[in-house]
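Visitor: Construct the entire structure; sequences and hints are all you get.
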Amino acid sequence: MATKTEDYLGITDYKVIGTRPIRHDGVDKVIGRAKYGADIDMAGMLHGAVVRSPHAHARIKSIDTSKAEALAGVKAVITVEDLPLQEDKIEDLGEGAANLQHLRANVLADGKVLYHGHAVAAVAATDIHTAQEAADLIDVEYEVLQPVLTVQEAMKEDAPLLLENQTTESLGEDTGQKSNVCTHFRHELGDVEKGFAEAELVIEREFDTATVHQGYIEPQNATALWSADDQITVWCSTQGAFTVREQTAQILDVPVSQVKVVPMEIGGGFGGKIRIYLEPLAAVLSKKTGRPVKMVMSRTEVLQATGPTAGSFIKCKMGVDKAGKIVAAYAYMAYESGGFPGSWAAPGAMCIFAPYNIPNVLIDGYEVLVNKPQTMAYRAPGATNAAFASETIIDEICEQLDVDPLEFRLKNSAREGTRRADGPVYPRIGNEECVKTALSSEHYATQLNGKNRGRGIASGFWFNVGLKSSAAASVNSDGTVSLVEGSTDIGGTRTSIAMQLAEVLGIRAEDVKPQVVDTDSIGDTDVTGGSRTTFATGWAAYQCALDIKEQLIERAAKLWEISTDDVVFDNGTFSSSDSSKTLSFKELAGMLDETGGPVMGRATVNPSGVGGAFAVMIADIEVDTETGKVEILRVSVIQDAGKAVYPSYVEGQMQGGIAQGIGWALNEEYAYNRDGLLTNASLLDYRMPTCLDLPMIETHIVEVPNPGHPYGVRGVGEVPIVPPAAAIANAIYDAVGVRMTNLPMSPGEVLKALWAKNGENGTA
Amino acid sequence: MNAFDYEAPQSVDEAISLLSAGNGNIGILAGGTDLIAQLKEGRKIDLMLDLKQIPEATALSFDEDSGLSIGAATSCSKIYSYDVVKNHYPALVDCTSLIGSIQIQNRGSVGGNFCNASPAADTPPAVIVLGGTCRIAGPNGTREVAAEDFFSGPGQSVLQSGEFLISIQVPTPAANSGAFFLRFIPRNEMDIAVANAAASVVLDSEKTTIQEARVAIGAVAPTPLLVADAGAALAGKAVDDEDAIEAACAASRAAARPISDMRGTIEQRIHLSGVLTRRAIQGAIQRAKES
Ligand SMILES: Cc1cc2nc3c(=O)[nH]c(=O)nc-3n(C[C@H](O)[C@H](O)[C@H](O)COP(=O)(O)OP(=O)(O)OC[C@H]3O[C@@H](n4cnc5c(N)ncnc54)[C@H](O)[C@@H]3O)c2cc1C
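Sequence lines, in order, name chains A and B.
Residues in the first sequence are numbered consecutively from 1, following my numbering.
Residues in the second sequence are numbered consecutively from 765, following my numbering.
Honestly, the hints are just simulated from the structure, not real lab data.
Among the clues, some could well be false.
Said to hold, decoys possible - DMTMM-like cross-link-like pairs, simulated, lysine to aspartate or glutamate; straight-line CA separation at most 20 angstroms:
hint, chain 1, residue 1, chain 2, residue 2
1, A, K757, B, E1031
2, B, K804, A, E218
3, A, K178, A, E153
Stated by the list, open to error - Short, incomplete list of chain A residues facing chain B, as computed with Cβ under 8 angstroms:
hint, residue
4, E133
5, E626
6, K629
7, D685
8, R687
9, L751
10, N758
11, E760
Every residue, glycine too, gets a C-beta built ideally from N, C-alpha and C.
Guide: See below:
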């Protein structure tokens, strides 16, 4: 579909957009009737369990499944041998691409295990306890290898190699050099050396950030039925049914049309539910047994074996001139990709200096194998790590120049026409408006008093994505519209999509019945990710509504025996141009049979015109200098939504992103011991914030319409997680004078930093 | 989880005979908040012995002479909702009301917390400073052990095979006394102590001098520790004697023998033993003054 980048309709007096109707899925979710993956139950269903590696890095010498197979109740056992061989080929899988051999070796280890918890074999049995017992009976003999746990270690020349054939691709060329470094890329703008030479003040620091988990509450799950006619149905909880279909078909080596994926309600994803883990195992176990096979991960399995997001090592350097303008910026960004290639330095590099207009920039990015699960997206993947570095440096610059951190950000703000180091020139963006809103907020105007208290500011950017979406809708005779679409509903997208259809047709949001359907029932739709769903699937719904509108105009014209040009449609009413005849949407909907039969609209889109999103956070904190614990006193987040289709959802996304960012900042980390074993694979010890750890998060929605969307929508889901780590680090500095350069800034780390500065008794 | 038998004896005697009957590996069940989690992680048992049908095990009673009696399987929420506990044993409210979450407190018991014998358990320090004792039933009758002597190592107590804990006895607090418990955790709930501490003090009638004091610390050694030197440093000292309080903190730091793990480092835990000891003492003095 042709979608120009100047599609904004310029409307502001919406009827539906910007309101807060009751969400369509609300009742089912509140009363517990909504069906999630783990709710699936079928006659004859078997339960699957996975055998996982107790080592971080080892060669598999042998697998003996005989004892498991002999156990009563066990119906099938599989290893990687049961998965078809794959070519060494990269496939696009939605938000991110993957090498098929790696995808196969990730779902079941192929000769080598690359992280603690790596799947080695799977079992199906009549009940889950028997399946687990059988899994324990599978003897795997390992030759344990030395694990590599940080990017710095992995990049050393003599580091043990995870994948023996991995070579470094540098600046787009295969170097042929065997290494754990999969990729090195570079973005260059202007002349960075010259820029630094001209700078009055240059600040440079190194940052380390831990591997972290997305924290979705619902564990990964999959139920599969491989029927006798080779039709495969998969029920699962995923951000993208079509990417699951694509991946599963590839791994099973069957045509995509043979796989139907039924997306269940999802209990959170945040980027972690795009890649497949259990789906092909359940499918192959089903093929072997002829029965449906259900697999649900335990929390420990989720933490050990699904993709967290990348830990990183970043060196960042920025220079300002006498006038307080940033003249040069450099970043060295090395991100963990886990056991297989594919990481998040690239998006991190797109974001690291994005809120600023900087003439000279150099960014070197590296994606590096380490013995951890293959990293996956997490809400603005890569950008939180990046902003932690750049926004801390900016804070230090402001401190040294003695300028207000928001005034500094305003002065150096990127705006329409600014070129980002990775290439794009910004269309109309809302960064300045966000900074100005922060400056004029009551929060910023209120002084923070008290010992060991501090305020920190940070900005963040996320580019958002477009990608493909489909929608189809049928007009019901009672004047409602049934809408089907393929985007997993996360954060209320059913409703925000339905509202965009309702706006065109002049009907209420409640008069649209939205449904998320399986892969046989709607056109291809990319993942709910990249903050794209309200933007792109909403656009499809908008187009779909235009299609319906055109058809209904034809029906009215037919009925009134006038030309379609003489039919006017406004605010839900069709009328003849001489105003002699009118019909409401509902009335006309009741007359479809007499005018030619049912009316259905359809649309597929793949829009460009994506609008990037900016956010600013103000964080007030207090440090307990005796324990190192940071208490969050007050937080505000200011974000450009373009147009908030459903303001409560936007506020919810802003608050959710900030909450997760606070967890990332303060306590969350995968704690690996020296042997590479994950020691905190539970939510008791993987410390996400609870509601007692968070203040009310104040939200300010800024609306600078995105010229690339008919309603001006920008994605909103991801950017709020970008500023928190930096804002809190800056607040800690303001409170107690220590610069925290590692994440998480846990009590122990803050205490260590305080001791380094003041001595243990606070007297040195 | 493997298959196992389940029994819910109605009396102490019945429980003892089930324990002695050679039923293989027995898992005694109080609230199950530790036990069931352990079974899910691979602990194997042949018999689950549920104590909650034994009246003594779920009782909660008070009498001026013998003090408070807490059935070993009495839930934390029942304990902290009990008026006597609220009014006379606030240190028990401190610890029972911060274990896990409300759901965990509705199931988990002080007895289970003791018998699980985690070095980081949150109820032992308070019970220790309150002078509590553990009443143990076994094939040869019952015996009593001071709370501080109940633990013998991580996951280990003085319970012999065939024995179980029936109740915990806590004496009636002296006049002009106060006790306080706190822990340090990175989050504000649902967390395991990096270190914890409790203190109790008995003041003179003027409430200016500490006559007697007890300090206990946890999560900093293989078992919860009664720090006798800390108590001794405070005895006979004025309530505002900063040097005495600092001496007590130093005694706690000296007594701590922690390990480093993902919850905290040795240095951090030793330091926190001192910080928490100070805060516990101050809290106990405050409560004694208000008593
Ligand atoms: C999410 C979560 C959070 C938690 N947070 C905390 C916390 O903040 N602080 C804390 O200290 N603990 C915490 N715990 C651990 C646990 O809840 C406590 O230790 C609780 O007090 C255990 O009591 P229970 O009645 O559930 O014990 P159970 O699980 O029933 O028993 C614990 C152990 O003691 C044995 N046992 C129980 N009763 C007896 C008896 N009378 N005689 C002999 N053996 C017996 C059992 O066989 C088992 O081995 C947490 C646990 C969870 C799951």
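Visitor: Please go over all the hints and tell whether each is borne out by the structure.
Guide: Each hint, compared with the structure:
{"no.": "1", "hint": "K757(A) <-> E1031(B)", "verdict": "holds, 16 angstroms"}
{"no.": "2", "hint": "K804(B) <-> E218(A)", "verdict": "holds, 18 angstroms"}
{"no.": "3", "hint": "K178(A) <-> E153(A)", "verdict": "holds, 15 angstroms"}
{"no.": "4", "hint": "E133", "verdict": "holds, 7 angstroms"}
{"no.": "5", "hint": "E626", "verdict": "holds, 5 angstroms"}
{"no.": "6", "hint": "K629", "verdict": "holds, 7 angstroms"}
{"no.": "7", "hint": "D685", "verdict": "holds, 7 angstroms"}
{"no.": "8", "hint": "R687", "verdict": "holds, 5 angstroms"}
{"no.": "9", "hint": "L751", "verdict": "holds, 6 angstroms"}
{"no.": "10", "hint": "N758", "verdict": "violated, 13 angstroms"}
{"no.": "11", "hint": "E760", "verdict": "holds, 7 angstroms"}
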